[in-house]
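Asker: Residue strings, one per chain:
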Amino acid sequence: MFLLLLQGFGDIVLNIHNLIFLIGGVALGLIMGAIPGLTSTMAIALIIPLTFYITPVQSLVMLLGAYNGGIFGGSLSAILLATPGTPASAATAADGFKLALQGKAGKAIKMAITSSIFGCLFSSIVLIIIAEPIARYALKFGPGEYTVLMIFSLTIIASAAGKSVIKGLIGGILGLLFGMVGLDPIYSVPRFTFGIPYLGSGLSLVVMLIGSLAVSEIFRQIESVSMGRVSAHLPPPTCREDDRLSFSEMKQSFKSMMRSALIGCGIGSLPGLGPTLAAYIGYDMAKRNSKNPDLFGEGSLEGIAAAETANNAVCGANLIPLLALGVPGDTVAAILIGAFMIQGLTPGPLIFREAPELVYSIYAGLILSNIVLFIIVMLTHKGFSRIARLETTIIYPVVLMFCIVGVYALNQSIFDIWIMMMFAIIGYIMVKFDFSPATMMIGFILSPIFELNLRQALLISNNQLSIFFSTPITWVFWLITLYSVYNILNRKRKERQREKQQAIL
Amino acid sequence: MEIKESSVEKYGGIVIGLLTLLLYFWVIPSQIGHVKKVPVEPQTLPKILAIIMFVLSIALSVTGHLNRHKANQKVYKVALSEMKLVFFSLGVLIVYTVVVSHIGYMITTVASLAALMYAFGQRNRIKLIGVSVLVPLGIMIFFTKLMQIHLP
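Taken in order, these protein sequences are the chains called A and B.
For the first sequence, the UniProt record's numbering gives the first residue as 1, with consecutive numbering after it.
For the second sequence, the UniProt record's numbering gives the first residue as 1, with consecutive numbering after it.
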């Protein structure tokens, strides 16, 4: 294991091309995460077309870099503009921006980057230790077990659904149906192709991803531009002392960071819960156990450390179910499954046998992306307030053009651009009326895996549904699925109650 | 025009339900062939999903109906004045897609980018011209020289 990991590090550090793709991914994710309105998901969607032309290692380290960079970029805009770039950095915004208003933006950013890296490295170590043993056990699973496991994965649809679970499920079913366009996986009968030969090979994940998540989001942002809602709050300039993060300040927050790292790991390894929940729980636990709870929300470094450690610990932990079982933990992980598939790989237990070098390169890439992120942020954080305030009149048209050219570059096909626009319109309508396009994407990505396992299981059992309840492990998965659904619904109920209380106040 | 959340759910549910009926009774039978004497036909799973979708659409509609008098509902604004930039952008993208293979990548992209930036409110000529020329040029160099991809 250690040798393979060392080889993984060597693959990236000693190969200048791999290193460039890693740095490029981190930088792009960081910039896009820092610009309010653009997200790490969008950064990944824009990078995926490029991955067709590069090696699997380059592709995956670039995507992981963009993911890490994007999550932290969201925290930068949360601290500098009080506008969280991602929902996961919302807990950072209150304390971070308060510190920025006190002239301590540099200190807040340094605490955020240190704790983010601590969280991600902690979860990366957990990932390296436990993913392979889980995968080894999962090799015993048959199609019956896998089908129930895929049903469990589909529970993340409910989590990504936003306020309404029904709307989320509708999006998920729509995605499952779009995933069936093309030839039937068992009998090769055309399905939903409408006589168009191009659709015989199914809809392209990347085209759909860029249309429904990136272009539709730009359309939504354009509406707010026309309504004049985009504004930037300028933090005052920082003085030299306020820019430093002292060892004692780090020490004071260390307990909270450890606690949050454990919380983030636990939440990240369970599908459907996500970094936002981890950040809030980490923040809340830190507040309850802090010597200075009154400072929370008023500019607490400990608060930033707790939230950032927890949400970034999810990044590494998310890869545990992804690599070991082929189950995505959240939307980004679901997109990563798509990226694996583009490279002809299916994440899951077999990947440890088929491509162990790649798995360890991913581990190394995850760890190195944190180091690269740290260096970039420490060198450039003063300039990020300018990036975060880049004019939307330039950013949005440029991103739109990137989307079009990126989609065209996939197959040099104009038809792909038409499909992208169709999904941009579908995504826009969904976003406009609070249906989540992310749920549609999760359904789409899981559709072929789910269908193939389901039908194989039914073929083996001669249509007997008892195959899904035939072994103790299927029962365990059913119980985990039920628990996961209960958990998600309970969280939604609590969120609704909190909103009601806030409305009354 | 303002639409209440409950109305979106109620009528949205009806629209989705009708589309699902269309899917079940027309699209699936006409678009997916039969394979006889097999345990699971290619049509089976799409039909099951259509049934689930129909049930969900009814649930959405009923939820909307039950919440129709709820206070503090979210209100969706559907106004042409707010959406004009969205329509304009979509129009530019459609024109771009139609003409790019005829007049080439560079001219189409520069013109589209400039049009979009101007429509979004950019009035600084240096930024307008600089960005709309340099960005397509950068993209072209990246794709054609580095990635070896032919652009129209």
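By construction, these hints were calculated from the structure, which means they are not laboratory data.
Treat the hints with caution; some may be incorrect.
Said to hold, decoys possible - Listed next, the in silico DMTMM-like pairs over lysine to aspartate or glutamate satisfying Cα-Cα at most 25 Å (straight line):
#, chain 1, residue 1, chain 2, residue 2
1, B, LYS70, A, GLU298
2, A, LYS255, A, GLU298
3, B, LYS84, A, GLU298
Claimed, not checked - Reference listing, derived: stretches of chain B covered by chain A, where coverage requires no fewer than 3 residues with Cβ under 8 Å from a Cβ of chain A:
#, segment
4, 5-17
5, 50-61
6, 71-82
7, 89-102
8, 133-146
Cβ coordinates follow ideal geometry from the N, Cα and C atoms, glycine included.
Asker: Now tell me if each hint is right for this structure.
Answerer: Okay, the hints, checked on the actual structure:
1. LYS70/B to GLU298/A: Violated. LYS70/B to GLU298/A sits at ~35 Å, over the 25 Å cutoff.
2. LYS255/A to GLU298/A: 20 Å, holds
3. LYS84/B to GLU298/A: Given that 25 Å is the threshold and the Cα spacing comes to 41 Å, the pair is violated.
4. 5-17: holds (count 5)
5. 50-61: holds (count 7)
6. 71-82: As far as the segment 71-82 of chain B goes, the hint holds, because 6 residues have Cβ atoms under 8 Å from chain A.
7. 89-102: holds (count 8)
8. 133-146: holds (count 4)
This entry does not satisfy hints 1 and 3, going by the numbered hints stated previously.
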